[in-house]
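Assemble chain B onto chain A, guided by the hints.
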Amino acid sequence: MKFSTLKRHLRESVKSLGRNSWMTIASVSAVTVTLILVGVFALIMMNLNKVANDLENDVEIKVLIDETADKAAEKTLMEKIKKLPGVEEMSYSTKENELTKLVKDFGDDFKLFEQSNPLRNVIYVKASDPQQTAAVAKKIDKFEYTYDVMYGEGKVEKLFNFLNTSRNVGVVLILGLLFTAIFLISNTIRITIIARRDEIEIMKLVGATNSFVRIPFLLEGMWLGLLGSIIPIAVIATLYHNVYRIIAPRLKGELIQVLDFSPLVYQVSALLLLIGVLIGIWGSFMSVRKFLKI
Amino acid sequence: MIEMKNVTKKYPNGVVATNGISVNIKQGEFVYVVGPSGAGKSTFIKLMYREEKATSGEIIVNGIDLATLKNKKVPFLRRQLGVVFQDFKLLPRLNVYENVAFALEVIEEDPVEIRRRVMEVLELVGLKNKARMFPNELSGGEQQRVSIARSVVNVPKVVIADEPTGNLDPETSWDIMNLFEEINARGTTIVMATHNREIVNTIRRRVIAIEGGMIVRDEHGGDYGYEI
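Quick note, the sequences are listed as chains A and B, same order.
Just so you know, we're using my numbering here: the first sequence kicks off at 714 and counts up by one.
Just so you know, we're using my numbering here: the second sequence kicks off at 3 and counts up by one.
No wet-lab data here; the hints were simulated from the structure.
Possibly wrong hints are sitting among the right ones.
What the hints assert, rightly or not - Below, a list of computed lysine-lysine pairs in the BS3-like style, where the Cα atoms sit at most 25 Å apart:
hint, chain 1, residue 1, chain 2, residue 2
1, B, Lys-48, A, Lys-1003
2, A, Lys-868, A, Lys-763
3, A, Lys-965, A, Lys-763
4, A, Lys-796, A, Lys-814
5, A, Lys-720, B, Lys-48
6, A, Lys-917, B, Lys-74
7, A, Lys-1003, B, Lys-75
8, B, Lys-48, A, Lys-917
9, A, Lys-852, A, Lys-775
10, B, Lys-48, A, Lys-715
11, A, Lys-1003, B, Lys-7
This is chain A alone, in the form it adopts within the complex:
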């Protein structure tokens, strides 16, 4: 394609936006609403994901070693666990250590137990994939000299289930919204095509190629998507800036943290721009294909 042709296509596509100003406003608004929702969802999802990862990474297996095990037996047990596939890291803690922790958490009343410590030596194991925790725990349980293996059975599964479900629900909602926006854009483009039927007919009579006829419409769709993503980007940037300012200080030192403004908002903005442009082009592509039969 020649440069002068590209200039012509750009000029035509911009002119057409103005000529059908009401439909332009309608579909830009549709894209705007969709992208605001997608953007807010994306922010929530990504933070939820971060929380989920934090929680997941906090899940560990507590292996209580049988009292009958001597130093050598404990060592072989650790060797065996180390060799298991899916084990990322592990640490050993004596029963004295455990008691100190208990006292720290629940108060000096527990100091009584220093006379005769009822606790057992412990190995803490972390699975490389947190979702595999249960499977790893089951394998460890079969080894010799394990008194009990604990990983918050039941609770962990529930947490993982909840996180996975909310991820899926978010994805389905976003897809639904995207389809709505594509539908609206392809309608707008269809109206501009109908308005320019005579022009297209003449173009084809004098020997314009199909792509020459098609490109201005695709560009027009691209503009619709691009224009539609401006407000959403401004909205999510302002929104997240304020939400972060309020929430972040309160979560200081907690296990759960929200994502920082800096990479997140830029990533989501780029995502919205990309989605806007893609649904714009895709929407007009659908219309052009159906209406021009080219």
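Quick look at chain B alone, frame taken from chain A:
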């Protein structure tokens, strides 16, 4: 130039518009296509620039076999033809110059070349001084001149005209015919569907008469042949 062998066109609704037409039009010829309304004239014309695809038979235009021509290649056939219509088909938003230039812009001609060629054909049709006017500011005859200018601006071998004088008064029609004769004199083949008996009987050329989808008469220097 244009060769048809046993061409049949049956529309999806069952209407048979041309029924076994065979014809051979040579380079530089001037051909009238006459016949009553609904006889298949328009279809006959449309088959030539591949607006319609023949159901069966062979059509060769300027060496291109239209039966095997892929849809994607149709634009390149059209660039070798010029088409003129009864209703002019000008774009109302564009002025005279832009309407003619449009035909070259869409085939991505060089802008300097576009300017040169458009001025040349506007000179030919006598509208050089009205280049900046819009179609609604022109008379019917002038609008048809613009449409003729557009059809010849890419120097086609054939100009196909579907009742070009159908919307014009007799006097203007003669001006338009003179223009076609001039274009024909430069070596361009002209195929013209018409209802204008006076023109056909005065400017004697080859006449192809179509009735019921078949050629019933084909004579050089023939007359219109139908009573009104």
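Hint by hint, where does the structure go against what was stated? Just the numbers, ascending.
Violated hints: 4, 5, 10 and 11; rest satisfied.
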